[in-house]
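> Each chain is listed here by its residues.
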Amino acid sequence: MLKVTINGIEIELEKPVTVLEAAKQAGIKIPTLCHFDGLPPFGGCRLCLVEVEKLPKLQTACTLMTTDGMVVRTETAQIKAARRAMLEFLLINHPLDCPYCDKAGECELQDLVAIYGPEAGRFAEGKRTHPESFDDPIIVRNMERCVLCTRCVRMCDELQGAFAITVTGRGSHSFVEPFTGGKYNCEYCGNCLTVCPVGAIMSRLHRHSYRPWYVEREVQTTCGFCGVGCTMILQMREEHIIRSIPRMGLGLNKGLLCVRGRFGYDFVESTERLSTPLINKNGQLQPVSWPEAYEYIANRLKEIKEKHGADAIGAIASGRCTNEDNYMLQRFMRFVIGTNNIDSLARLSYAPTVSYLESIFGQGITANLIPGIANSDGALVVGGDPTTINPILGLQIRAIRKNAGKVVVIGPPGGLKRFVTNALITDPYSEEMVLAAVLGRLSEEKELRGELPRLEEKIRAVKIPSQDELSDAIEVDEINAAVDTLKGMENPVVIIGPEIAMQKRSSKRLFLIAAIAYLINARLFVLSERPNLQGLMDMGCEPHMLPGGRPLEFEMFRHKMEESLGKKVPESKGMNLFEMLDAAQDGQLKALYVMGENLIQSLPNREKVESALKSLELLIVQDIYLTETSRLADVVLPASSWSEKDGTFTNLERRLQSVRAARTVSPGRADWQIIADISSQMGDSGKFSSVESVWEEIIHISPLHAGLSYEDIAKGNALWPYHGEPLRGVEGEFDVEGIDSLPEKRDKEAFYIQLQRPLYHSGSTSRHSRALLSIMGEPLVMINPSSAERLSLKDGDKVVVSSDIHRAEAKIKLSEDVRAGEVALCNTFSGLNFMQFVDYEVSPVLGCIVITKNNVNIEKVT
Amino acid sequence: MEKVLLKNIDNPDSATIKAYEAAGGYQSLKKALDLEPKKIIEEVKSSGLRGRGGAGFPTGMKWDFASRDPKFPKYLLCNADEGEPGTFKDRPILEKNPHLLIEGMIISAYALQAERGYIYLRGEYPHARDVLEKAIAEAYERGYLGENILGKGFRFDLSVHQGAGAYICGEETALIESIEGRRGQPRIKPPFPVNVGAWGMPTVVNNVETLANIPYIVEIGGEAYAKIGSSDCPGPKLYSISCCVEKPGVYELPMGTSLREIIYEHAGGIKGGRELKAVIPGGISTPVLTPDKIDTPMDFVSLPKIGSMLGSGAIMVFDDTVCLVRVCWRAMRFFEHESCGKCTPCREGTGWMRNILERIENGFGREGDIELLQDVALSISGKTFCPLGDGAANVVLSFIRNFPDEFEYHIKNKKCSAGEE
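Residue numbers (this note's numbering), protein chains in the order written: chain A, 53 to 914; chain B, 4 to 424.
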């Protein structure tokens, strides 16, 4: 306990803080410029100078720690003169171009000068000049305006961990630049924009098109790009999103955003948005009215149901849609149509991964807090690069390393490469060997605690590769070093990416990871590419699960639901995504209702998927654009996009968060609304006047969400298991493929094509974002420099990539983030994408997708 | 006085280990390694040695702080970034007597139990680098450096780290940043380097001349050393004297020798027998003195009493033909060029002062410029992140205070008074 006196006010402090902080607690404002909460102190701007008794010189309040009995004054004539002098100094080289600077109105320098500054400057000579830089796609730099507070550099180094920019030059000719000059070429998170107090680093997206005071309203919402669920503020002018910005201290992202969240919002204002329902008439999609579309759908569905039964109809839910949308879709299928045929693209990896882990550890095992990751002393990362899949979660892992923790990565470390203690980079398809070897060595070090007998039994049974067998995949020393790191971790996390599920023997790899996590007692995180994959599962958009994570197979749960809803729950397990496609091909499935997904683009073997969809009697697609899939539809319904509707998302840590409409008019209708309308068209008695009424029904029938109000969610306290009842302590049965065998060897000379999950894109939605396209505008085949050398290829060369089922020309880009023997391609662009080249099988244990036929040939185009 | 620091430098081979050993070199190291490290720190404390880099902080106390910090490894850094205009006192040691510095560093490292040392050498001293690197190689060869020094189980590795030409890197925390591979800018203090220095570890940064005193202190003992020169800050001192004197150079004299004695007895008086007009006692950043002050002893205690500082002991003498506005302008060009850019007043203020001085010097001075200069200097003084800004303000303030007429003449007559007389 210490006492300090500031401006005569006595302040009691629990522990020493800076004078600035102490003053803040006492309600005394000390002006600052280089200080920024959350960044390390700098002490450069000298605006926060204060008088401290017994110290001869003025002191900077942002760096000076309080001591007991300290007496501070912040508003004396001497201090006021010093502040005025500092501002006069800052204006020497700062252009007075406020009339056309976009920052004017929210410029910290402008505000400070207005309060403390000189009315006129006495500096009569010329200012320094420096050309404005338009080198970057979405950021413009005007270094003449820079006041060298270095907040951007500290943000980039300390919080973002990108180390993209630095102060170059010296004295008043110092400028913030990328190390190489020219283009930033960085992660484009734009967090430097947040902290820049003046107009030195700004967004180009709405340059010179508005003033800060034109912002008419601000809407706090949750980002719609990935499963982290960052809180953001949408600043609106009329119906336009002018900016999306984070707010310090708000949400789990605590003032940070990634490139998608900050710049990718413009997809909602794309001119390609659908604005009217379409019905296929004589082979052409023709605009129709909403009532006509509803009537048509209702009649066709009734007809099919009568003729072929309810199970001839299926639906695909979407991880981009809200809980309310997804709940309504499964409600429609189960209680209006009468079938459990509902699934989603979560089936590809997220849902099976989470379910499998739950069968080992119990429900809710992946419900761990993202902001807690940075406090861990270690992380094991497998199956993908968190800094591109879930960027803000990736920053938490970078923070572990900054806090002197350790990070072990199995696979290419990508955006974690500067933060890795041990990187076990294997050949493609050798992860299983590596994981088994790690488990083998680790179980020599860590004892089995007897908590989970079934898991331990399997750990004892698993075949561990001998040194000889391992030598083909990786050096044994590397394994030993990684195990030494892992065994020393006290409260580690294990981060599991989607790549773990998408190959053969996925259950084996996932089991090995679970076993390692068990031995080191780690918290589990499963990366999620979509904002609401967990939510759609919790809403019951799975063929075998009811809302609230209740297995359909138990009569008890069906009964309970029937009681609360007064409707019959169909008993037999429905078809999953893959089964529905097969059934469509076979003619068993006659109608498919697709909400917000582009199946043709998102699934392997385009021909097969197209053929299945074409075999349907009725394809209904609800989307915001005309996609490869909706072009084949019999009926297309224009939906409202994110930022045009209210609702909730459940992120990968199972936190429920509010999604709010910022645009008040939408070219489409909210997904839940469309389904409610069709339901009532088909005679359903449910009355849904608003999204709240949907939520009311959810908390009425889902035991997990019972009693959880929108107010609770808005407060940010809706953490799993909410106030509801999870099915804790259910240790289920789980199988492991090939527990006593090693994986088959792969041809080392061959090239495999892998799915690239770029930071700058999000599925096919982001191809409608001009901002994101300006950073990455075309598909590039990523190849390791050593592989390129083997093929005599240079960066930018044209090649022909051919697999068993597809052949296409492409441009290559060399990248260390791809392993030797591997090429990677993203799945965003329509002409050239990963899924075209490959086929799939279904994993016998997990039920997830297994990518096959991904052996490719690369030939240079001459 | 018997030469201690520049002993033997007239021997053309003085930089070789052979010559150094022949003159009794490395005997203090042998003696020191038989002593407890603490005992050496005690000796340095009782010697009263104060840092020769400019601030004059008691060396023994600095060592004591670092040695009490329980963290290991500790680092010993030698500040050889001698870059202030007028200062070249360390150069003879670096180029002619490198083994004295190396021996001093090994003893200091032993006292501190530091295993790693760096000599942070000014970028513009390429010859010194060659000499030092050769001398370090010789010392390794002879078993004075490396593992198990002289069989006593102590290990110390030493290398030269050459700066890239930034004056600010002579500031100890900027020096540490630079050694770590970062941009040379000063760090927030506290914590001080003795506790959190290079790579976050306890670090002692000592000037070349300071470290070169250590073998002698070990040789004759702290008490005997304390009797040399001024009682408050004893020892031999290197004074570099330049500009308008007959024999500019580096002179080793007892601390506290008066300016008059240095200028007139050792440096041969004012060039061409002209009149002394002004003298800067300790490098360009120390306030200028008028001729009536030259009987002041040149030490850390006496100069502050008359409003100046000993600094590095770099004396710059100006006779009556020198234009002091031009000196001031030239000095400000240096400070503007060397301002690191970290803090507002130094970054922007030095350039502004240079601008004003430039126009006065070139005959475009305006009425009110002197007051403006003083106001800008006062807005810098005491408000900058590190002392570099104070140095820049000192120049302007002390020149205007002591020679107001010259500035006024310039502004009024659009020309210099010095040339006319």
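What the hints contain is simulated information worked out from the structure, not anything from laboratory work. You may find that some hints are simply not true.
Reference listing, derived: stretches of chain A covered by chain B, where coverage requires no fewer than 3 residues with Cβ under 8 Å from a Cβ of chain B [claimed, not checked]: (1) 95-105; (2) 134-145; (3) 169-183; (4) 626-635.
The following residues of chain A were derived to be distant from chain B, with all beta-carbon distances above 12 Å [unchecked claim]: (5) T202; (6) A451; (7) S495; (8) E496; (9) E499; (10) K539; (11) E542; (12) D698; (13) S742; (14) E763; (15) D764; (16) N769; (17) G776.
Computed cross-link-like contacts, EDC-like style, restricted to lysine to aspartate or glutamate with a CA-CA straight-line distance of at most 16 Å [as the list claims (entries may be wrong)]: (18) K230/B / E5/B; (19) K797/A / E521/A; (20) K619/A / D736/A; (21) K109/A / D393/B; (22) K132/A / D378/B; (23) K619/A / E607/A.
The model shown is predicted, which means the values in this text are computed figures rather than measured ones. Backbone N, C-alpha and C define an ideal beta-carbon position, used for all residues, glycine too.
> For each hint, tell me whether it holds in the structure or not.
Right, here's what the structure says about each hint:
1. Proximity of the segment 95-105 of chain A to chain B, defined as three or more residues with a beta carbon under 8 Å from a beta carbon of that chain, is established by the 6 residues found.
2. Only residues whose beta carbon comes within less than 8 Å of a beta carbon in chain B count, and the segment 134-145 of chain A has 8; three or more means the coverage holds.
3. Only residues whose beta carbon comes within less than 8 Å of a beta carbon in chain B count, and the segment 169-183 of chain A has 3; three or more means the coverage holds.
4. With 0 residues having a beta carbon nearer than 8 Å to a beta carbon of chain B, the segment 626-635 of chain A misses the requirement of three or more and the stated coverage is violated.
5. Not every Cβ of chain B is farther than 12 Å from the Cβ of T202/A; the closest lies at roughly 8 Å, contradicting the non-interface assignment.
6. In this structure A451/A is separated from chain B by more than 12 Å, as the shortest Cβ-Cβ distance comes to about 18 Å.
7. Once the 12 Å rule is applied to beta carbons, S495/A is consistent with being away from chain B; the minimum gap is 36 Å.
8. Separation of E496/A from chain B is adequate, the least Cβ-Cβ distance of about 32 Å exceeding the 12 Å criterion.
9. The Cβ of E499/A lies farther than 12 Å from every Cβ of chain B, with a closest approach of about 34 Å, so its non-interface assignment holds.
10. With a least CB separation of 25 Å from chain B, K539/A remains clear of the 12 Å interface cut-off, as annotated.
11. Distance to chain B confirms E542/A as a non-interface residue, since its nearest Cβ pair spans about 22 Å, more than 12 Å.
12. Chain B leaves D698/A outside its interface by the beta-carbon criterion, the shortest separation being 47 Å against a cut-off of 12 Å.
13. The beta carbon of S742/A sits about 54 Å from the closest Cβ of chain B, which is more than 12 Å, so the claim that it is off the interface holds.
14. The non-interface label for E763/A is consistent with chain B: the shortest C-beta to C-beta separation is roughly 44 Å, beyond 12 Å.
15. Listed as outside the interface, D764/A is consistent with that label: its C-beta sits roughly 43 Å from the nearest C-beta of chain B, beyond the 12 Å cut-off.
16. Separation of N769/A from chain B is adequate, the least Cβ-Cβ distance of about 38 Å exceeding the 12 Å criterion.
17. For G776/A, the condition that its CB be more than 12 Å from all CB atoms of chain B holds, with the nearest at approximately 47 Å.
18. Note on K230/B and E5/B: the hinted pairing holds, with a Cα-Cα distance of about 13 Å set against a maximum of 16 Å.
19. Straight-line distance between C-alpha atoms of K797/A and E521/A comes to about 11 Å, which keeps the hinted pair within the 16 Å bound.
20. Using a Cα cut-off of 16 Å, the hinted pair K619/A and D736/A holds, with the two alpha carbons roughly 10 Å apart.
21. Restraint check: the Cα-Cα separation between K109/A and D393/B comes to about 11 Å, which is no more than 16 Å; the hinted pair holds.
22. A threshold of 16 Å between alpha carbons decides the hint, and for K132/A with D378/B the separation of about 14 Å falls inside it, so the pair holds.
23. For the proposed pair K619/A and E607/A, the alpha carbon gap of about 14 Å is at most 16 Å, so the pair holds.
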